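Engineer: As you go down the protein sequences, you meet chains H and X in turn.
Letter by letter, the first sequence follows residues 2 to 317 in the numbering used here.
Letter by letter, the second sequence follows residues -3 to 224 in the numbering used here.
Don't read these hints as lab results, they were simulated from the structure.
Given the structure is predicted, the values throughout are model-derived calculations rather than measurements.
Incorrect hints may appear among the rest.
[Said to hold, decoys possible] Only some residues are given here: those of chain X computed to face chain H with a beta carbon under 8 Å:
{"id": "1", "residue": "M44"}
{"id": "2", "residue": "Y47"}
{"id": "3", "residue": "P48"}
{"id": "4", "residue": "G51"}
{"id": "5", "residue": "W66"}
{"id": "6", "residue": "T74"}
{"id": "7", "residue": "E84"}
{"id": "8", "residue": "L86"}
{"id": "9", "residue": "S95"}
{"id": "10", "residue": "P114"}
{"id": "11", "residue": "A138"}
{"id": "12", "residue": "M142"}
Cβ coordinates follow ideal geometry from the N, Cα and C atoms, glycine included.
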Amino acid sequence: MDELIKKEYENLVKYYEASGGNSKALISDNYASIVINGNHVLAKNSTKGIVIETKKIEDGVYARILIKKGHKAKNPVHLCFGMLPREGKQIIRSEIIAEEGSSVKFIAHCIFPNATHIKHIMKSKVIVGRNAKVEYEETHFHGKSGGVRVIPTTFARVEEGGEYNSSFLLRSGRAGYIDIDYEVHLASCAQSMLISKIHGMGEDEIRARESIYLEGEHSSGVVKTRMALRERAKSEVVGKTIGMAAYARGHVDCTEIIMDEARAEASPVVAAYHPLAKVTHEAAIGSVDKKQLLTLMTRGLTQEEAIDVIVSGLLK
Amino acid sequence: MLELRNLTVKKDGKSIVKNVNLHVNRGEVHVLLGVNGSGKTTLAQAIMGIYPYKGNIFFEGKNIDSLSVWERARLGITLAFQEPARFEGLLVKDYLILSAKEKSMENVKLAIKTVGIPYSILFEEIGENLSGGERKRVELAAVLLMNPKLAILDEPDSGVDILSFSLISDVILRMKSHNSSVLLITHSEDMANVGDKATILCEGKVAITGERNKVKNMFKYSPCPLKR
Ligand SMILES: Nc1ncnc2c1ncn2[C@@H]1O[C@H](COP(=O)(O)OP(=O)(O)OP(=O)(O)O)[C@@H](O)[C@H]1O
Ligand SMILES: [Mg+2]
Chain H
2 MDELIKKEYE NLVKYYEASG GNSKALISDN YASIVINGNH VLAKNSTKGI
52 VIETKKIEDG VYARILIKKG HKAKNPVHLC FGMLPREGKQ IIRSEIIAEE
102 GSSVKFIAHC IFPNATHIKH IMKSKVIVGR NAKVEYEETH FHGKSGGVRV
152 IPTTFARVEE GGEYNSSFLL RSGRAGYIDI DYEVHLASCA QSMLISKIHG
202 MGEDEIRARE SIYLEGEHSS GVVKTRMALR ERAKSEVVGK TIGMAAYARG
252 HVDCTEIIMD EARAEASPVV AAYHPLAKVT HEAAIGSVDK KQLLTLMTRG
302 LTQEEAIDVI VSGLLK
Chain X
-3 MLELRNLTVK KDGKSIVKNV NLHVNRGEVH VLLGVNGSGK TTLAQAIMGI
47 YPYKGNIFFE GKNIDSLSVW ERARLGITLA FQEPARFEGL LVKDYLILSA
97 KEKSMENVKL AIKTVGIPYS ILFEEIGENL SGGERKRVEL AAVLLMNPKL
147 AILDEPDSGV DILSFSLISD VILRMKSHNS SVLLITHSED MANVGDKATI
197 LCEGKVAITG ERNKVKNMFK YSPCPLKR
């Protein structure tokens, strides 16, 4: 590693650890990993069953991650995307291909600790092969100024008997502007769970459109959203499951807590195009539950302490 | 220890608790009896500071009228709700730790053993996954761990199987042995037998207060003696 890159790497990894990342995994040969700052690939590591290729593109990086047929990854793949400067733009185009019968978990951290004007665009394509399983867990850390615009889009196709679960988590720092657009297509007996847990404050604005198309028989999908908004934060959530085949099961589940002058809009959309499909939804938006609050206060917690316990439970 | 003077609680303009005077001594288990809707829960929650009231509440000789719920809790008063709340994402063990005065897993384990819930429940969420009875036992364990000076228990026995009646009375007697006072709301005669004294609340008023057996017998004979 040349000196400059080494420095950049060390700086990023410092924040990576602070946001809960396991930095030992980034340098271990047993873990597949990628570390990207801006449009620099600072480190990448393939393993026996996981092949990673990267390419610089304008304002960002293209990455292709292939999990070979039948490979069951024992260790998670660690991804660290970030931008340390205050301003800039980062585009990550990724393609994840999990071949038949493989299984893998991704642990991704997206870190913009100093952002005042940063735009992070993520365009992902995920193909989950027959009976393969992909878990993708993405944790964001955006610093305190709220000057980040995060625009992640994912298109995923899950083949027969496969499973794709993804979660988007932002539980500390500011959200800034987030605009999530996920679309998942499921073949027969495939399943998927899309989870987003985000808190917002100040002028933060959060949008999420998450759709699961239940195209094959016996496919099942759940869209689950949890948000806690304070001050003048705003959210707009559309969770959608579309039952298109016999015995397809879909569920949309959205709970949001709003405080101060925060505003939230949630639209659970359920549609069925087959008489034997079944799709359901539940959505609740409101202030912190009074009974929960009082219960914790009878234990001696102040109102603020009690709200923290309730909100962190919801986002856990 | 606890003294209520002319306590009146109104809800939506209607008096629910009317001019209640009541005394609970240190280390005393005081049973509050009354038919459905007589105002027991309202009175209990007013003592905790949940509802505004007219009149005065003294705790250990000190007027606590201006104190909020959590300030009263920090003085050593706590309440277990008739229908305890459920919390998404909060594990039983974390809930008990935050309730505990001395925060150690040892104490937590001891408390759940006392209320008769299995160890594995510690790692469950306090959500819809717990049965009503389990949830009430968790609440009782939380109260026990707070080591309060005054525990207000609103029907700890409702929705809990008969077998565990003895467990609940054990818990109450354990608190009593630590010199805590207990204000116990119950509809069960067996449960009431742990009491030293008892009071009948009838349409928001105290009908009679005194030695437990005397009050209990009166309650059997005439559950709301003030009613004409
Ligand atoms: N917000 C309210 N406005 C008006 N009346 C109310 C309100 N809340 C409760 N009440 C009434 O107050 C009365 C006392 O209620 P409370 O819950 O204190 O009774 P309780 O003795 O605890 O009954 P139970 O044995 O059923 O638990 C009831 O008649 C109830 O209908
Ligand atoms: Mg009641």
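Engineer: If a hint holds in the structure, say so; if it doesn't, say that too.
Structural biologist: Each hint tested on the structure:
| no. | hint | verdict |
| --- | --- | --- |
| 1 | M44 | holds (6 Å) |
| 2 | Y47 | violated (11 Å) |
| 3 | P48 | violated (14 Å) |
| 4 | G51 | violated (21 Å) |
| 5 | W66 | holds (4 Å) |
| 6 | T74 | holds (5 Å) |
| 7 | E84 | holds (6 Å) |
| 8 | L86 | holds (4 Å) |
| 9 | S95 | holds (5 Å) |
| 10 | P114 | violated (22 Å) |
| 11 | A138 | holds (7 Å) |
| 12 | M142 | holds (6 Å) |
Checked against the numbered hints given earlier, the structure breaks hints 2, 3, 4 and 10 and satisfies all the rest.
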